[in-house]
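Now for the letters of each chain:
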Amino acid sequence: MGLIIDPGSDAIPTKHMNKNKPQQADSLPKLSLGPLLYYWSREDVFKFYESIADTAVDIVYLGETVCSKRRLLRPDAWLQIAGMLKEAGKEVVLSTLTLLEANSELSALRRICDNDQYMVEANDMSAVQLMSGKRSFVTGPAVNIYNSRTLEVLARAGMKRWTLQVELSRETLCSLHQNRPLGVETELFVFGRLPLAYSARCFTARAHNLPKDDCQFRCLDNSDGLMLRTREDESFLVLNGIQTQSAKTQNLIKEINDFIELEIDVLRISPQSKNTEQIIDIFDRCLRGKSNSDEAEKLLQPYIMSGECDGYWHGEAGMNLADHDRPTDNDKPGSML
Amino acid sequence: MELVCPAGNLPSLKAAVDNGANAVYMGFKDDTNARHFAGLNFDDRRAAEGIRYAHDRGTKVFVAINTFPQPSGWTRWQHAVDHAAEMGVDALILADIGVMDYASHRWPDLRLHLSVQGSATSAEAINFYYQNFGIQRVVLPRVLSLKQVKQVAQDSPVPVEVFGFGSLCVMVEGRCILSSYVTGRSPNTFGACSPANAVSWNETPDGLETRLNNILIDKHAEGESAGYPTLCKGRFNVSGNTYYAIEEPTSLNTLELLPELQSVGVAAIKIEGRQRSPAYVAQVTKVWREAIDSCKANPERYRTKENWMAALEKVSEGSQTTLGAYHRSWQ
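Quick note, the sequences are listed as chains A and B, same order.
At position 234 of the first sequence the residue is numbered 234 (my numbering), and the sequence of numbers has no breaks.
At position 123 of the second sequence the residue is numbered 1123 (my numbering), and the sequence of numbers has no breaks.
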């Protein structure tokens, strides 16, 4: 893990160049479970993480990252879950709020960043600043890292792992990953509805004609968010309080051999209300060579909500689903950098 | 309070200067700025002429280099920074950490502002850019309420600039990728939201459809005015109701909040609209100049004038205006 490829090399590895090469167990990416983006009852959250304790996931991100009004789980409840998962052998990371507005949110953020038990995932620059030069941290997909110079600045500040902004492609990932600073790990969002935007406005409250300050916690009604359809009845986006997500699930399981060859350190799966354990299991078996990616892709199908997409990874519109029979970059003349 | 006005081209720059802008902001003709639209922005000759015109009349010039370079395009952003610095502009408006790092090392004496695309909503986030790159101003995202603006302005290590008027982003800037989800291009990567090349307008028996990369954004019955299909401003269906589920086509107008913005220590008001006409820039600059002067002279007796509001409404998106996130009920 974390091996540095010659930083002077700008060449992007050819896709699937060693499709049949047996994988070394020590070079396999770890699996992570991203923060729970929806609002569930306290009981459901506890049950969910109890079931996660028995899965093959290596890293679990915990905490509320979307809305500070979601307080069915207080910080000590999250810490209780963290302790249970740690006991089960998981690496626990505490995730911070993505869009900070009120001073009370900043105070809550300080407490997370000051904790001395767990690693912290920064989801905005306030969290990065609070930990800069003081402790190591991880960055989530909403911290904008688009180029190597940004990676270097954040690594100097203490960043130990970064997550690719989901709108970036394989080409950009390869360049950033190959030239990353020593000791910095790379994480990819590989499965789940894509986080696309954050607002001051609560779209769930708006859908119920309620003001944000009296939202009646209607996010609790929809355990995987509230579907927004076009006027042609096409499932388009998901409203999740102040967050907007893709309706389609990004699924990159077909790229798993590519991830292994690129020596990506961590693959992130985003929680959903049903079948998260099965999804983790399918990724795990595929990583360990117990099923190939075509079989795994088929096994995942029943667990995918409202269609799948993988366009961002291929440098296209995020909602696209690439045609995997088309030529890879390597087959097209003159398309390499 | 400084009035910072948009200059999408030379005639707009002159309109802003002539109508009383304290500063104008502009971009180069490529994806290094967040208004990367065909026919807009400045080539070298126009930029030099614009800077001269503004400086001769005591108006400052800021250059927006506020998108996020990827490795394949990095040198373009580097050149944009060098070019602006060599032309003697008064400040760069930057968003990307890597570009900030480059600019602060290569041009240590050049004034840097953190763009709204930098997405800094708290004093701690601003501190990061201040301590690492010595920024001298921050443009706040349009997500904060007035009370929150006050808090950030108080705690921020540098003066704050806020949006006063123009098109309204309902999402926190710099962290919205709805556009690339649908079209492959976002403000961060390409400098445009809902880019024109992905837009289609189709006349159908049911009315005029507006689409973005074939996704139906809205359908307009006869007689309904059809706006540009910015994807967050379309009508969609949620739980059986069809409505503007994210945001109406409307403009931000905070003219009535001026005394409060002044009293909480806001250093500058930004007018959105580099993509708009010179006539828009002239009209909006003129009204805001008058309003700011009136507010400065006597904040207690400041009242918005009917003719100001009427003039602004005429040039607003969907002819509607809102106080946006400044006003809690909008949220």
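Calculated directly from the structure, the hints in this document are not laboratory data.
Keep in mind that the hints are not guaranteed to be accurate.
Claimed, not checked - Computed list of lysine to any residue pairs in SDA-like fashion (alpha-carbon distance at most 25 Å, straight line):
1. Lys212(A) <-> Ser1145(B)
2. Lys212(A) <-> Gly1039(B)
3. Lys1150(B) <-> Lys134(A)
4. Lys1147(B) <-> Lys290(A)
5. Lys212(A) <-> Tyr1130(B)
6. Lys134(A) <-> Asp1155(B)
7. Lys1150(B) <-> Phe1190(B)
8. Lys134(A) <-> Gly1134(B)
9. Lys69(A) <-> Tyr1130(B)
10. Lys1029(B) <-> Glu1086(B)
11. Lys1150(B) <-> Lys290(A)
12. Lys212(A) <-> His1327(B)
13. Lys69(A) <-> Gly1039(B)
14. Lys274(A) <-> Asn1298(B)
15. Lys1147(B) <-> Gln301(A)
16. Lys212(A) <-> Trp1308(B)
17. Lys1147(B) <-> Asp214(A)
18. Lys212(A) <-> Leu1146(B)
19. Lys134(A) <-> Arg1328(B)
20. Lys1150(B) <-> Ser27(A)
21. Lys212(A) <-> Lys1286(B)
22. Lys274(A) <-> Ser107(A)
23. Lys212(A) <-> Asp1101(B)
24. Lys69(A) <-> Arg1328(B)
25. Lys274(A) <-> Glu261(A)
26. Lys134(A) <-> Tyr1130(B)
27. Lys212(A) <-> Glu1086(B)
28. Lys1029(B) <-> Met1001(B)
29. Lys212(A) <-> Gln1151(B)
30. Lys69(A) <-> Lys274(A)
31. Lys1150(B) <-> Asp214(A)
32. Lys1029(B) <-> Leu1323(B)
What the hints assert, rightly or not - Some but not every residue of chain B turned toward chain A, in silico, with C-beta under 7 Å:
33. Gly1098
34. Asp1101
35. Ser1104
36. Trp1107
37. Leu1146
38. Asn1213
Owing to the predicted nature of the structure, the values given are computational and were not obtained by experimental measurement.
Backbone N, C-alpha and C fix where the C-beta goes; we use that ideal spot for every residue, glycine too.
The hints, checked one at a time:
no. : hint                      : verdict
1   : Lys212(A) <-> Ser1145(B)  : holds (13 Å)
2   : Lys212(A) <-> Gly1039(B)  : violated (40 Å)
3   : Lys1150(B) <-> Lys134(A)  : violated (28 Å)
4   : Lys1147(B) <-> Lys290(A)  : violated (56 Å)
5   : Lys212(A) <-> Tyr1130(B)  : violated (33 Å)
6   : Lys134(A) <-> Asp1155(B)  : holds (21 Å)
7   : Lys1150(B) <-> Phe1190(B) : violated (32 Å)
8   : Lys134(A) <-> Gly1134(B)  : holds (20 Å)
9   : Lys69(A) <-> Tyr1130(B)   : violated (30 Å)
10  : Lys1029(B) <-> Glu1086(B) : holds (17 Å)
11  : Lys1150(B) <-> Lys290(A)  : violated (57 Å)
12  : Lys212(A) <-> His1327(B)  : holds (12 Å)
13  : Lys69(A) <-> Gly1039(B)   : violated (45 Å)
14  : Lys274(A) <-> Asn1298(B)  : violated (61 Å)
15  : Lys1147(B) <-> Gln301(A)  : violated (47 Å)
16  : Lys212(A) <-> Trp1308(B)  : violated (31 Å)
17  : Lys1147(B) <-> Asp214(A)  : holds (18 Å)
18  : Lys212(A) <-> Leu1146(B)  : holds (16 Å)
19  : Lys134(A) <-> Arg1328(B)  : violated (36 Å)
20  : Lys1150(B) <-> Ser27(A)   : violated (51 Å)
21  : Lys212(A) <-> Lys1286(B)  : violated (36 Å)
22  : Lys274(A) <-> Ser107(A)   : violated (33 Å)
23  : Lys212(A) <-> Asp1101(B)  : violated (38 Å)
24  : Lys69(A) <-> Arg1328(B)   : holds (15 Å)
25  : Lys274(A) <-> Glu261(A)   : violated (31 Å)
26  : Lys134(A) <-> Tyr1130(B)  : holds (17 Å)
27  : Lys212(A) <-> Glu1086(B)  : violated (48 Å)
28  : Lys1029(B) <-> Met1001(B) : violated (30 Å)
29  : Lys212(A) <-> Gln1151(B)  : holds (20 Å)
30  : Lys69(A) <-> Lys274(A)    : holds (24 Å)
31  : Lys1150(B) <-> Asp214(A)  : holds (23 Å)
32  : Lys1029(B) <-> Leu1323(B) : violated (32 Å)
33  : Gly1098                   : holds (3 Å)
34  : Asp1101                   : holds (5 Å)
35  : Ser1104                   : violated (10 Å)
36  : Trp1107                   : violated (15 Å)
37  : Leu1146                   : violated (12 Å)
38  : Asn1213                   : holds (6 Å)
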